[in-house]
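Trainee: In case you want the letters, here they are:
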Amino acid sequence: MAQMTMIQAITDAMRTELKKDENVLVFGEDVGKNGGVFRATEGLQDEFGEDRVFDTPLAESGIGGLTIGLATQGFRPVPEIQFFGFVYEVIDSISGQMARMRYRSGGRWNMPVTVRAPFGGGVHTPELHADSLEGLMAQQPGLKVVIPSTPYEAKGLLISAIRDNDPVIFLEHMKLYRSFREEVPEEEYTVEIGKADVKREGKDVTLVSYGAMVHSCLKAAEELEKDGISAEVIDLRTVSPIDTDTILESVKKTNRAIVVQEAQKQAGVAANVVSEIQERAILHLEAPVLRVTAPDTVYAFSDAEEVWLPNHKDIIEKVNAVMNF
Amino acid sequence: MKHVLESVESLFETFQILNEDGELVNKDDMPDLSDDELKELMRRMVYTRILDQRSIALNRQGRLGFYAPTAGQEASQLGSQFALEKDDFLLPGYRDVPQLIWQGLPLYQAFLFSKGHFHGNQMPEDLQALSPQIIIGAQYVQTAGVALGMKKCGAKTVAITYTGDGGTSQGDFYEGINFAGAFKAPAIFVVQNNGFAISVPRELQTNAKTLAQKAVAAGIEGIQVDGMDVLAVYAATKHARERAIAGEGPTLIETLTYRYGPHTMSGDDPTRYRSEELDNEWAKKDPLVRFRKFLEGKKLWSEDEENKVIEEAKEDIKKAIKEAEKYPKQKVTDLIGNMFEVLPSNLQEQMEEYKEKESK
Numbered sequence: 000m001a002q003m004t005m006i007q008a009i010t011d012a013m014r015t016e017l018k019k020d021e022n023v024l025v026f027g028e029d030v031g032k033n034g035g036v037f038r039a040t041e042g043l044q045d046e047f048g049e050d051r052v053f054d055t056p057l058a059e060s061g062i063g064g065l066t067i068g069l070a071t072q073g074f075r076p077v078p079e080i081q082f083f084g085f086v087y088e089v090i091d092s093i094s095g096q097m098a099r100m101r102y103r104s105g106g107r108w109n110m111p112v113t114v115r116a117p118f119g120g121g122v123h124t125p126e127l128h129a130d131s132l133e134g135l136m137a138q139q140p141g142l143k144v145v146i147p148s149t150p151y152e153a154k155g156l157l158i159s160a161i162r163d164n165d166p167v168i169f170l171e172h173m174k175l176y177r178s179f180r181e182e183v184p185e186e187e188y189t190v191e192i193g194k195a196d197v198k199r200e201g202k203d204v205t206l207v208s209y210g211a212m213v214h215s216c217l218k219a220a221e222e223l224e225k226d227g228i229s230a231e232v233i234d235l236r237t238v239s240p241i242d243t244d245t246i247l248e249s250v251k252k253t254n255r256a257i258v259v260q261e262a263q264k265q266a267g268v269a270a271n272v273v274s275e276i277q278e279r280a281i282l283h284l285e286a287p288v289l290r291v292t293a294p295d296t297v298y299a300f301s302d303a304e305e306v307w308l309p310n311h312k313d314i315i316e317k318v319n320a321v322m323n324f
Numbered sequence: 000m001k002h003v004l005e006s007v008e009s010l011f012e013t014f015q016i017l018n019e020d021g022e023l024v025n026k027d028d029m030p031d032l033s034d035d036e037l038k039e040l041m042r043r044m045v046y047t048r049i050l051d052q053r054s055i056a057l058n059r060q061g062r063l064g065f066y067a068p069t070a071g072q073e074a075s076q077l078g079s080q081f082a083l084e085k086d087d088f089l090l091p092g093y094r095d096v097p098q099l100i101w102q103g104l105p106l107y108q109a110f111l112f113s114k115g116h117f118h119g120n121q122m123p124e125d126l127q128a129l130s131p132q133i134i135i136g137a138q139y140v141q142t143a144g145v146a147l148g149m150k151k152c153g154a155k156t157v158a159i160t161y162t163g164d165g166g167t168s169q170g171d172f173y174e175g176i177n178f179a180g181a182f183k184a185p186a187i188f189v190v191q192n193n194g195f196a197i198s199v200p201r202e203l204q205t206n207a208k209t210l211a212q213k214a215v216a217a218g219i220e221g222i223q224v225d226g227m228d229v230l231a232v233y234a235a236t237k238h239a240r241e242r243a244i245a246g247e248g249p250t251l252i253e254t255l256t257y258r259y260g261p262h263t264m265s266g267d268d269p270t271r272y273r274s275e276e277l278d279n280e281w282a283k284k285d286p287l288v289r290f291r292k293f294l295e296g297k298k299l300w301s302e303d304e305e306n307k308v309i310e311e312a313k314e315d316i317k318k319a320i321k322e323a324e325k326y327p328k329q330k331v332t333d334l335i336g337n338m339f340e341v342l343p344s345n346l347q348e349q350m351e352e353y354k355e356k357e358s359k
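Top line first, the protein sequences correspond to chains F and U.
Using numbering that gives the first Met the number 0, read the first sequence as starting at 0 and increasing by one per residue.
Using numbering that gives the first Met the number 0, read the second sequence as starting at 0 and increasing by one per residue.
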């Protein structure tokens with residue numbers, strides 16, 4: 000097994016699938032010769048040729064339309080949107096078209112598409128580069144939305160996404176790209192889409208999160224342990240659909256839950272998780288289910304990210320609130 | 000059946016006034032600029048080159064944030080801006096900070112924009128401009144609206160916008176020039192074709208031989224200009240402005256230029272996609288070298304004069320970066336306060352929460 004960063008694991012997943020299935024195509028802005036602005040597609044054009052891994056003209060809506068057309072011709076497109084903030088340019092192709100294709104054609108056409116994109120804050124990008132827009136995608140029926148938090152899972156989930164016969168939005172948190180390495184098998188394997196993972200076991204409170212905030216939850220859990228509070232950390236890994244079974248099993252044990260997301264508070268994934276918990280387990284709860292989120296402003300200008308983004312201290316504060324409820 | 004592509008494309012020749020050696024090769028189109036104005040153009044280009052060098056250094060020291068280098072594009076940026084009047088409206092892309100500065104944005108605010116502070120986006124009241132657009136091409140459609148608004152108000156002003164060669168692939172580009180054409184709005188659309196959209200060469204963006212010819216489909220005027228020739232860029236923009244004011248509609252100006260540096264200072268490595276030979280080829284066309292030769296030939300410019308500008312620029316930059324660094328840090332309550340005219344209840348509540356947090 001090799002030690003890989005998350006971005007290396009992502010490249011490895013694409014390499015694995017390009018090798019395995021000749022219909023897999025990887026394309027987008029700067030993904031060819033340049034290997035992507037984050038080097039996610041590094042070496043893939045050299046290895047698989049310009050027919051399989053290629054640069055497109057600069058137009059996200061163009062990439063979206065091209066993807067749909069290629070999918071009708073038997074290909075399995077893996078387009079990259081350079082930064083997920085640019086999704087507004089292609090939201091008709093994704094939400095208005097891909098997501099509805101199987102439904103509106105009565106199953107005649109399907110979209111075996113994986114839209115990959117970096118997102119997430121804390122790396123000092125300009126506007127519209129760091130926004131957490133997964134809630135926007137999760138609201139759209141017909142899409143699966145996957146967000147890995149570790150290199151191992153990134154590879155397994157991306158392979159699952161590429162093999163999925165329906166559209167998957169695969170969001171890669173920029174802060175996690177190179178933040179740590181772990182053992183990642185060189186051979187192919189999959190991690191199931193739609194399944195959450197218990198990242199740390201605990202008995203007093205359940206922290207539900209995804210993406211980079213999983214690591215903030217783990218940090219909070221470590222500190223809480225010193226105060227004698229045992230926190231269980233659940234990584235959703237897929238934010239649409241939500242794995243309610245794993246969450247409920249945990250909440251029925253801990254009787255308390257906090258949902259943590261980097262995105263703003265209003266109408267997001269966390270709100271959905273809270274609803275699922277209270278609809279199905281209200282009699283198991285010792286305290287209200289609270290949320291830790293960013294405030295309801297447009298994403299912070301980069302110089303204010305540190306004070307705007309939620310962190311492990313915010314999580315600890317909310318945990319103390321539910322413990323003392 | 001008649002094929003027209005070749006004959007249409009052949010009509011788009013590169014407009015030039017000074018050649019690479021600074022010789023006047025097109026007397027007929029030589030703009031009517033006074034000696035002082037010619038010197039001012041040179042002064043601005045030298046100043047902006049120094050600003051670029053210092054900005055790159057400040058970025059490397061961690062004192063600036065997002066920065067898109069401008070060296071090589073001075074003639075395209077400043078020649079076009081020099082043709083504007085004070086009340087014209089500017090819709091820049093993210094590399095077009097120099098035009099904003101020469102149109103009236105204080106330098107310390109340009110630095111705050113780079114640092115990621117909203118005050119860098121707060122244009123002074125007397126500067127008619129939006130802050131640099133991050134989404135490629137979005138400013139093009141908005142320009143049609145600004146220009147149509149001017150027309151409806153009977154204003155004798157124009158809207159000018161900038162994108163790059165990559166930007167011409169966006170749907171917004173086509174919609175922008177088409178809308179402006181349909182409304183005969185007083186707009187100037189500049190495409191600074193520097194050959195690469197990050198790493199992707201111009202040839203992969205489109206099968207069209209020139210970007211200027213895209214004007215034809217929108218039914219507007221288009222011209223390809225030597226973007227390293229500041230007089231050519233100025234003359235083309237001035238002419239476009241006069242036509243726009245006269246109610247003759249928008250113009251698309253493609254300037255052939257080059258960015259010497261990386262796409263931005265955020266990790267782009269041009270050696271992955273550009274050859275040294277190509278870099279050297281473009282260095283020979285340098286807009287400053289060319290214009291300096293022209294002015295020296297007219298005894299309008301000297302080394303002393305150039306050094307004076309360099310010192311002035313360095314001094315201004317030193318002051319401005321200090322001022323930017325002294326500017327109050329953004330608080331979450333500032334960001335909340337900027338969201339709506341009247342805060343809705345969820346934000347009122349969050350405002351109180353963050354006020355309390357910030358007071359600790």
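Everything labelled a hint here was simulated from the structure, so no lab data went into it.
Warning: the hint list may mix true and false statements.
To be verified - Using 30 Å as the maximum straight-line C-alpha spacing, the simulated DSS-like pairs for lysine-lysine come out as follows:
{"#": "1", "chain 1": "U", "residue 1": "213", "chain 2": "F", "residue 2": "218"}
{"#": "2", "chain 1": "U", "residue 1": "317", "chain 2": "F", "residue 2": "312"}
{"#": "3", "chain 1": "F", "residue 1": "174", "chain 2": "U", "residue 2": "318"}
{"#": "4", "chain 1": "F", "residue 1": "174", "chain 2": "U", "residue 2": "359"}
{"#": "5", "chain 1": "U", "residue 1": "317", "chain 2": "U", "residue 2": "328"}
{"#": "6", "chain 1": "U", "residue 1": "213", "chain 2": "F", "residue 2": "32"}
{"#": "7", "chain 1": "F", "residue 1": "312", "chain 2": "U", "residue 2": "328"}
{"#": "8", "chain 1": "U", "residue 1": "213", "chain 2": "F", "residue 2": "264"}
{"#": "9", "chain 1": "U", "residue 1": "317", "chain 2": "F", "residue 2": "225"}
{"#": "10", "chain 1": "F", "residue 1": "264", "chain 2": "U", "residue 2": "208"}
{"#": "11", "chain 1": "F", "residue 1": "218", "chain 2": "U", "residue 2": "328"}
{"#": "12", "chain 1": "F", "residue 1": "32", "chain 2": "U", "residue 2": "208"}
Since we're looking at a predicted model, the values are computed, not measured.
Trainee: For every hint, state whether the structure bears it out.
Mentor: Here is what the structure says about each hint:
1. U:213 - F:218: Between residue 213 of chain U and residue 218 of chain F the Cα gap is close to 55 Å, so the pair fails against 30 Å, i.e. violated.
2. U:317 - F:312: violated (38 Å)
3. F:174 - U:318: violated (34 Å)
4. F:174 - U:359: Roughly 28 Å separates the two Cα atoms, so the pair holds.
5. U:317 - U:328: holds (20 Å)
6. U:213 - F:32: holds (27 Å)
7. F:312 - U:328: Holds, at roughly 21 Å.
8. U:213 - F:264: Cα-Cα ~44 Å, so violated.
9. U:317 - F:225: violated (49 Å)
10. F:264 - U:208: violated (49 Å)
11. F:218 - U:328: Within the cut-off at roughly 27 Å; holds.
12. F:32 - U:208: This hinted pair holds, its Cα atoms lying about 22 Å apart.
The structure fails hints 1, 2, 3, 8, 9 and 10 (numbered hints given earlier, in ascending order).
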